[in-house]
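The listed protein sequences correspond, in order, to chains A and B. Note that numbering that gives the first Met the number 0 gives residue 149 to position 150 of the first sequence, counting from 1, and the numbers run on in steps of one. Note that numbering that gives the first Met the number 0 gives residue 11 to position 12 of the second sequence, counting from 1, and the numbers run on in steps of one.
It is worth saying that the hints were derived from the structure and are not from the lab. Heads up, some of the hints might be wrong.
Claimed, not checked - Pairwise CB distance ranges (calculated):
#, chain 1, residue 1, chain 2, residue 2, range
1, B, F76, A, P81, 25 to 31 Å
2, B, D44, A, A378, 18 to 24 Å
3, A, G18, B, G51, 27 to 33 Å
4, A, D288, B, K22, 30 to 36 Å
Said to hold, decoys possible - Quick look at which bits of chain A chain B covers, simulated, 3 or more residues with Cβ under 8 Å:
#, segment
5, 303 to 313
6, 334 to 344
Unchecked claim - Chain B residues, not near chain A, derived (Cβ > 12 Å throughout):
#, residue
7, P74
8, P78
9, R81
Every residue gets a Cβ at the ideal spot worked out from N, C-alpha and C, and that includes glycine.
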Amino acid sequence: MTASKVRAALDRAAAVGAGREGLNILVAVNPRAEDDAALSVVGRSEQELPLSGEPVAVKDNIATLDMPTTCGSRILAGYVSPFEATVVRRLRDAGAVILGKTNMDEFAMGSSTEHSAYGPTRNPVDPSRVPGGSSGGSAAAVAAGIVRMALGSETGGSVRQPASFCGVVGVKPTYGRVSRYGLVAFASSLDQVGVLGRTVDDAALALGVIAGRDPLDATSAERAVPDYRADVRRAATAAAPLAGVVVGRPREYFPVAMHGGVRDRCAVALDALVRLGATVRDVSMPHTDYAIPVYYIVAPAEASSNLARFDGVRYGARVSADALAAMYDATRSQGFGPEVTRRILLGTYVLSAGYYDAYYKRAQEVRALITQDFRRVFADGVHLLFTPTTPTPAFPLGAISDPYEMYLNDIFTATANLAGVPAISIPIGLADGLPVGGQIIAPHFGEGPMLAAAAALERALGASPLTTPPSPAAARS
Amino acid sequence: MSVTFDDVRHIAALARVGVDERKLPALANELSGILAHMAVLTRVDTSSVEIGPPAVATPWRADSGPPIPLMHPLPSFAPIVRDGFLLVPRLATHGGGGHTGDSEPSGNERPEDEGSA
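This is chain B alone, in the form it adopts within the complex (with noise of 0.2 Å):
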């Protein structure tokens, strides 16, 4: 298979490299040359192969982060956390206005807060 320079300059602009068109005519040459050698792969009889995953698959682990490293609980400290999350007053330019929690506020929010964000 011959590159052309067109294919050198489709494949430069994907990769997000500059490509000077004066190295146009060896870059085409040499990829074309090293590609010649590739075709030696279509005469290999490959029916009977299933790419498959690999035998030793690599290990799973628990879907978790690590520990957040703070010195007290988070909820010791937070207004509002469900799921591990803090719950903050609602932008104003969200509108709507109100907490985003279904929670009741408790004594640490400051409704007077919301929408002053």
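In isolation and in its complexed conformation, chain A is listed as follows (with noise of 0.2 Å):
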């Protein structure tokens, strides 16, 4: 039985066409799955398996042992990591088997999983269309029935907006919440391990199982994790289960100007909400609007941090040259991709001496203006907040040529990472024959109120537009 999940998630990979000539959702496959599989029921009950012979897929910027952990970068290309990451580990102690790598937007820097060393992903829903970034191809593998559920990382948006344009489950956890060690940093100040799930239940499972404290992070939580499934449960059986859920609607997420099709769900997705029994109540939060601006000056900043140590000495490739710092130029200049680049120099502007505090702390000021946001409306009595996942559902590959364009698909996503709280974006219905996806905002470590209420709303508004994958002959046209 659990080898046969495992060989059903092969057989439906190459189906669909998740190979590079296809949807360009795997980069890698793990060459020992199916004996994982086998392995990893030995001597165990299932009750201590709650992932037994679970096929998962995994962003590849999350170290593996098995296989290669590139971040979809030449710099580095072929790189396979000595050690394993924490999340990963869990996953495999719980059962689950590692059925392969994901493509994702290089270093999980974009939102369309475009600027990829191995080329752009594919929706899976339409494959003229991208699947968001940047773990597109962790929401991708979910969406075209390949597994139940991924892993992906968030920084700005990174899980939930691709999770919106495929038509499925994505959860960013509180800051904290789950163990970073092993996830190759970004900007280590917003970046947090995430879930895409077939669904809300599949989602909690997934969290339950890779959450709570690490010795090896210093930054995860030292605070129990709750049975997020039995969160989920109550809501799925409950006759008014948001009986008494104050759910906030910012109006700075749904501006004048905003899509129509986008508009229309969430309309549709907030009557649902009262019929489930939760008030909504209209709320403000003045700082939105600066969280763009605020996330591309904060997030750059670190990653020209972290990136420094890809330098052709200690990982990955290398191009040579006379002199040491030429060595590092060449290298860096050759392994590194246009976006990556673009925002490796922008961290340094923003660093150096003279910009640092028109920039770099100036953002960092309003930042926690953004997080006092939060606070206001969560200690004025609303439980929750429900605002649109993205601006607009999935556009067409190529579409979007310009840096700032693309930057402000983050927009409703970027501000719970800024602040560290957790959201999940769940599907509310199509627009235009694309999927859309709604966003539940808590309180931190609020995640299993957060989690119930998707459950209620996914069940409220009926059956996910995915529930039945794509055929592989509409995913490979």
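Join the two chains into one complex using the hints; note that each chain is given alone, in its own frame.
Encoded structure:
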């Protein structure tokens, strides 16, 4: 049975064309997957193994032992980590089998999975469109029916935005909820491993397995991990699961010039929340509009420091040169793609003498105001916030060439990363035949109530558009 | 704020990224365009903000390393141990001669080795 789940996943991957010539979802397949499936259950009971034989896809910036970890970059081509990430070990300890590594924007910098050394991933719902990013491969793996759940990483929306574009569930946990040990660092004050699932229950199951304190990550929190699936089950069976819950509708997330289809689906979702017993209250979070400028100062600044380690000496590729400095320059200029180079230069600029106060220090101050917006609404009696996940549905491949226009894809998601609060995107219907995601945001460590509300909303809105995965023919067209 | 070619050369050198001179115009233009959007932050009143440690600070741990994975305790086979360190004869090139510890040489120490390491 366990091996058959892995076999089915591999067959499905072949059928939908998950390789480079097709949807380009998987950049590596675990050569030992079927053996691991057989070994994962030896000597252990089903109770010990909540993910017995379950194939899970893992984003290519999370360290694994059996496959390369390249972050979708030429500079790490063929690099195999000597250790595995805590989240991967916890999945395997729970009986899961790592099926393969998924495509991503290089070093998680992007919102479309077009900026990868492996080439772009295509959206299984409509292969002429992007799957979102940077965890586009993981979202597409779930949407295409290859796996029930996958790991991604979040810095500014990199799980929720592709979940929204592909019609699946995506969770960004509270900063500190999940160990980052073995997640290749992009922006350390923002990064967090996230999960993608076909349903809210799938995501709750995966999150429960990977969450919790890890002595190998000093930023992981000393807090017990609740039974998230119990929260989901209660919400799924109660008559009025959201009775007494106050849901805030922040007006800054519903601008006048919003995509009509997204606005309509959000209105339907808000009506459903009321029918489930919730009270919807209009609120204001006045610093929301500053999230993108703040994010695109803080994240590149931290990235310029974190990515200094990729120098041709310690990891991955090296381009030979006559002198040490010339070797650094050549390795990094040829190893990094244009978007990563742009962000390293931007980060270096805002940290450099003369500009630090004007950009980086200022951004940190405004970040504190964005965090205060969340604290204030939650202190005023709002339990959860509901917003659209993205301003628009998935856009066509190659449609956005201006860097800042691409950055605006994160406008509704980056705030949760800046404040460190948890958030989830769930499918709330279709606009122009494409999935639309609705976002629920909770206070710090409020994953349980957040998942419960998401499960109730999921049930109220009916099956997600991708409960039946697309046919292989449709996926390849 | 407009980013100049020299600015790009300067930050590229700081970041140790080789930048082709032919790419300077495009990079300067892109960075200027992005930074222009950041100017909005200058209009925000941040006078009430004090940047301090986060509400939930990084947890502390004991200031010690993991136990040394040895089969037998260090003093059982080391010549001289003090504060967890092995004391060894001083190198002749460092002058002075003699071991570095304050304690008397134990039976395991071989003074004739001094200066020969």
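>> For a quick check of understanding: which of the numbered hints are violated here, in increasing order?
In response: 3
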